[in-house]
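**Q** The residues making up each chain are set out below.
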Amino acid sequence: MNDRLLEVRGLKKAFLLKSGVFGKSTGLIPAVDGVDLDVSADETLGLVGESGCGKTTLAKLVLMLEKPDAGTIVFEGKDLRKARGKDLRKIRKGMQVIFQDPFGSLNPRKRVASIIAEPMIIHTMGSKKDIARRTVDLMEMVGLSEDMLSRYPHEFSGGQRQRICIARALSVNPRLLICDEPVSALDVSIQAQVINLLVDLQEKLRLSYIFISHDLAVVGYLSHRIAVMFRGRIVELSDAHTLFASPQHPYTRCLMESVPEPSPQRTIRKNHVTGNLLETNGDDLQKGCPYSPACPWADGQCIAETPELVERNTGHFVSCHRHR
Amino acid sequence: MDTEKQDAVTHAPVSQDTGNGDLLIIEDLHTHFFTHDGIVRALDGIDLVLKSGKTLGIVGESGCGKTVLALSILRLIPNPPGRIVKGSIRFQGRDLLTLTEREIRQIRGNSISMIFQEPMTSLNPVFTIGSQLAEVVTLHQKRRAGTKAQAREVAIDMLKKVGIPSPEKRVRDYPHQLSGGMCQRVMIAMALACQPMLMIADEPTTALDVTTQAQILRLMNTLKEETGTSIIMVTHDLGIVAQTCQDVAVMYTGHVVEHAGVEAIFSCPLHPYTKGLMQSIPRMGEKVRGTRLYAIPGNVPTARNMPKGCSFNTRCPEVMEICRQETPPPFRPEPLHLVRCWRYAP
Chain A
91 MNDRLLEVRG LKKAFLLKSG VFGKSTGLIP AVDGVDLDVS ADETLGLVGE SGCGKTTLAK
151 LVLMLEKPDA GTIVFEGKDL RKARGKDLRK IRKGMQVIFQ DPFGSLNPRK RVASIIAEPM
211 IIHTMGSKKD IARRTVDLME MVGLSEDMLS RYPHEFSGGQ RQRICIARAL SVNPRLLICD
271 EPVSALDVSI QAQVINLLVD LQEKLRLSYI FISHDLAVVG YLSHRIAVMF RGRIVELSDA
331 HTLFASPQHP YTRCLMESVP EPSPQRTIRK NHVTGNLLET NGDDLQKGCP YSPACPWADG
391 QCIAETPELV ERNTGHFVSC HRHR
Chain B
7 MDTEKQDAVT HAPVSQDTGN GDLLIIEDLH THFFTHDGIV RALDGIDLVL KSGKTLGIVG
67 ESGCGKTVLA LSILRLIPNP PGRIVKGSIR FQGRDLLTLT EREIRQIRGN SISMIFQEPM
127 TSLNPVFTIG SQLAEVVTLH QKRRAGTKAQ AREVAIDMLK KVGIPSPEKR VRDYPHQLSG
187 GMCQRVMIAM ALACQPMLMI ADEPTTALDV TTQAQILRLM NTLKEETGTS IIMVTHDLGI
247 VAQTCQDVAV MYTGHVVEHA GVEAIFSCPL HPYTKGLMQS IPRMGEKVRG TRLYAIPGNV
307 PTARNMPKGC SFNTRCPEVM EICRQETPPP FRPEPLHLVR CWRYAP
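Going line by line, the protein sequences match chains A and B. First residue of the first sequence? That's 91 in the working numbering, and the numbers climb one at a time after it. First residue of the second sequence? That's 7 in the working numbering, and the numbers climb one at a time after it.
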């Protein structure tokens with residue numbers, strides 16, 4: 091369990107904020123602002139947060155689809171930021187990605203067989219025959235039948251398309267799969283099928299996942315450890331059980347209290363998010379705790395100093411001045 | 007399918023004290039779409055009852071007909087290709103389907119209003135939210151807002167009610183200047199501007215973040231208490247149903263397969279589809295790793311491959327021989343619990 095697969099340190103990325111007809115840049119938005127992350131072998135790391143908190147940007151940075159401004163990404167002992175061209179491609183073979191929208195992420199003009207085979211051709215993984223055989227195996231592995239190989243993506247339902255995306259991602263034998271909201275676009279009954287598939291594949295292939303979602307219940311179900319993101323920072327990181335049993339950061343609590351529970355006996359508790367959480371803009375974020383404008387416990391220190399992510403208990407990291 | 011026999015049972019709504027306290031009664035509603043590939047029976051015999059002052063949740067997966075039902079109530083089904091072919095929708099005793107276009111326009115936005123899923127796209131980007139709010143009132147209730155100044159007053163008042171800070175300034179804002187949650191508040195303000203009897207909310211929080219969603223749901227609950235407006239909450243999220251509704255209708259392929267009070271639906275679901283749905287949602291903090299989620303096998307059948315008999319029979323774990331032959335009529339194992347499943351045939 092402790093064999094470390096991915097190590098991210100001090101990762102930063104800011105986007106230029108552009109406005110006006112000529113796109114004059116008017117400021118910097120820190121999308122990912124100093125993130126440290128580890129993923130061990132066979133582990134699922136959940137990443138939760140609301141839209142715009144930097145979850146997807148973080149995933150793109152880890153994959154080097156987006157160039158980081160600062161920080162290091164070490165995957166299987168190799169530094170991704172130092173690797174170029176061929177070397178980078180070789181390292182990246184070990185990490186694959188599944189996106190949220192199974193409709194937009196499959197080329198509508200290609201048959202399923204060539205969609206799944208493409209990564210193997212790019213990474214030259216054997217002869218045509220080998221690749222064809224492996225394509226059939228992959229289809230079976232994700233619960234689709236062989237005779238579907240000659241069909242086009244539009245002939246499949248959302249859940250089946252997501253299975254095709256999974257098969258494509260697994261075709262190059264990755265160690266790490268980054269799942270960016272893979273079940274959010276699916277119906278409840280189909281969602282459960284895909285979640286079960288992901289769990290089974292992890293056991294069978296000894297995969298590690300970074301599972302990104304805004305749905306706390308789904309993340310809680312799948313993850314060993316969970317990182318809660320807010321405004322480009324990780325505000326709390328802990329094993330899944332502890333996080334649900336005793337959330338420490340006020341934002342984590344607010345998130346959990348906001349989830350409508352599927353049980354009529356328990357009513358929505360009054361959460362303490364105030365309207366101004368939505369209204370605060372980038373300028374206020376330069377110093378202080380990013381959550382302080384909305385936090386009911388915020389005081390002078392919170393506005394003046396940005397809290398560090400510190401280990402409160404073993405394996406439980408919290409970034410907050412108030413909760414000790 | 008034996009229609010005659012079915013109709014006899016069908017026309018018995020959940021609430022038995024018909025006429026007192028029932029705001030909306032839908033009976034045997036069929037909305038079909040006539041497409042190149044044949045007829046799509048989006049609604050295939052819907053029976054529903056909404057009691058006044060209550061929230062009725064309509065749950066189901068995509069394509070089950072939830073939105074078509076919401077649109078049918080307001081007669082907003084695009085024709086062609088869609089048409090309400092059969093049934094009745096009685097609202098305060100009047101059948102909405104027999105009204106003229108002019109009469110139904112008096113009802114839309116006035117006594118029945120609607121909130122859509124995408125708050126950003128439902129608002130007109132080139133008008134201020136104040137003028138859009140005022141338009142609703144001036145169109146429907148001239149005497150309340152005869153002059154521009156009066157209409158503006160009403161708009162500010164409504165914005166205040168839905169919890170938008172400094173409404174005097176906000177009335178001059180355009181939709182793009184507001185966040186998604188704020189836009190949805192504006193939509194709610196618009197929907198409530200004419201003090202409707204019924205508000206239909208079609209996935210009102212699906213496009214929003216959880217924390218914003220919690221605020222909007224709480225707001226809707228509070229406003230319902232204050233104004234006595236009944237709500238039809240169309241959603242795919244069982245959590246939202248549990249938190250906001252008193253009655254629930256579960257839909258599957260154009261049928262209401264189960265209709266009961268919210269407690270009954272959650273504590274003892276009867277239809278195999280409802281049971282499957284309940285088991286397939288991961289619950290927060292309750293998981294035991296290693297246990298599998300229950301997944302309903304297969305996919306929702308499409309109009310082209312709709313099975314004979316009960317439309318759930320291809321995915322049902324409790325399927326019987328009769329299920330493959332005949333469509334089940336609604337049965338009533340409890341006085342206030344309707345279920346369309348042969349398991350509960352008396």
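Worth flagging that the hints you see were computed from the coordinates, not collected in a lab. Possibly wrong hints are sitting among the right ones.
Computed list of lysine to any residue pairs in SDA-like fashion (alpha-carbon distance at most 20 angstroms, straight line) [claimed, not checked]: (1) A:LYS294 to B:LEU299; (2) B:LYS167 to B:GLY186; (3) A:LYS102 to A:LYS180; (4) B:LYS281 to A:GLU140; (5) B:LYS60 to A:PRO354; (6) A:LYS294 to B:MET126; (7) B:LYS281 to A:ASN286; (8) B:LYS57 to A:PRO354; (9) A:LYS108 to B:HIS182; (10) A:LYS108 to B:THR297; (11) B:LYS281 to A:PRO354; (12) B:LYS60 to A:SER353; (13) A:LYS294 to B:THR297; (14) B:LYS154 to B:GLY186; (15) B:LYS60 to B:MET126.
**Q** Against this structure, judge whether each hint is valid.
**A** So, going through the hints one by one against the coordinates:
Taking the CA atoms of LYS294 (chain A) and LEU299 (chain B), the gap is near 18 angstroms; set against the 20 angstroms cutoff, the hint holds. A hinted pair counts as satisfied when its Cα atoms are at most 20 angstroms apart, and LYS167 (chain B) with GLY186 (chain B) qualifies at roughly 18 angstroms. Only pairs whose Cα atoms come within 20 angstroms are accepted, and LYS102 (chain A) paired with LYS180 (chain A) is rejected, the gap being roughly 24 angstroms. A C-alpha spacing of about 30 angstroms is found between LYS281 (chain B) and GLU140 (chain A), which places the hinted pair above 20 angstroms, so the restraint is violated.
A C-alpha spacing of about 15 angstroms is found between LYS60 (chain B) and PRO354 (chain A), which places the hinted pair at or below 20 angstroms, so the restraint holds. Among the hinted pairs, LYS294 (chain A) with MET126 (chain B) is inconsistent with the structure: their alpha-carbon atoms are about 44 angstroms apart, more than 20 angstroms. The suggested pairing of LYS281 (chain B) with ASN286 (chain A) holds, with an alpha-carbon distance near 18 angstroms, which does not exceed 20 angstroms. Distance check on the hinted pair: LYS57 (chain B) and PRO354 (chain A) sit about 19 angstroms apart at the alpha-carbon level, within 20 angstroms; holds.
At most 20 angstroms may separate the alpha-carbon atoms for a hinted pair to count; LYS108 (chain A) and HIS182 (chain B) meet this at roughly 16 angstroms. Between LYS108 (chain A) and THR297 (chain B) the CA atoms are separated by roughly 48 angstroms; this puts the pair beyond 20 angstroms, and the hint is violated. Between the alpha carbons of LYS281 (chain B) and PRO354 (chain A) the distance comes to roughly 16 angstroms, so the proposed pair stays at or under 20 angstroms and holds. For the proposed pair LYS60 (chain B) and SER353 (chain A), the alpha carbon gap of about 18 angstroms is at most 20 angstroms, so the pair holds.
With a C-alpha separation of about 16 angstroms, the suggested pairing of LYS294 (chain A) with THR297 (chain B) holds against the 20 angstroms cut-off. A distance of roughly 27 angstroms separates the Cα atoms of LYS154 (chain B) and GLY186 (chain B); the hinted pair therefore is violated under the 20 angstroms criterion. Straight-line distance between C-alpha atoms of LYS60 (chain B) and MET126 (chain B) comes to about 28 angstroms, which puts the hinted pair past the 20 angstroms bound.
Going through the hint list in order, the structure does not satisfy hints 3, 4, 6, 10, 14 and 15.
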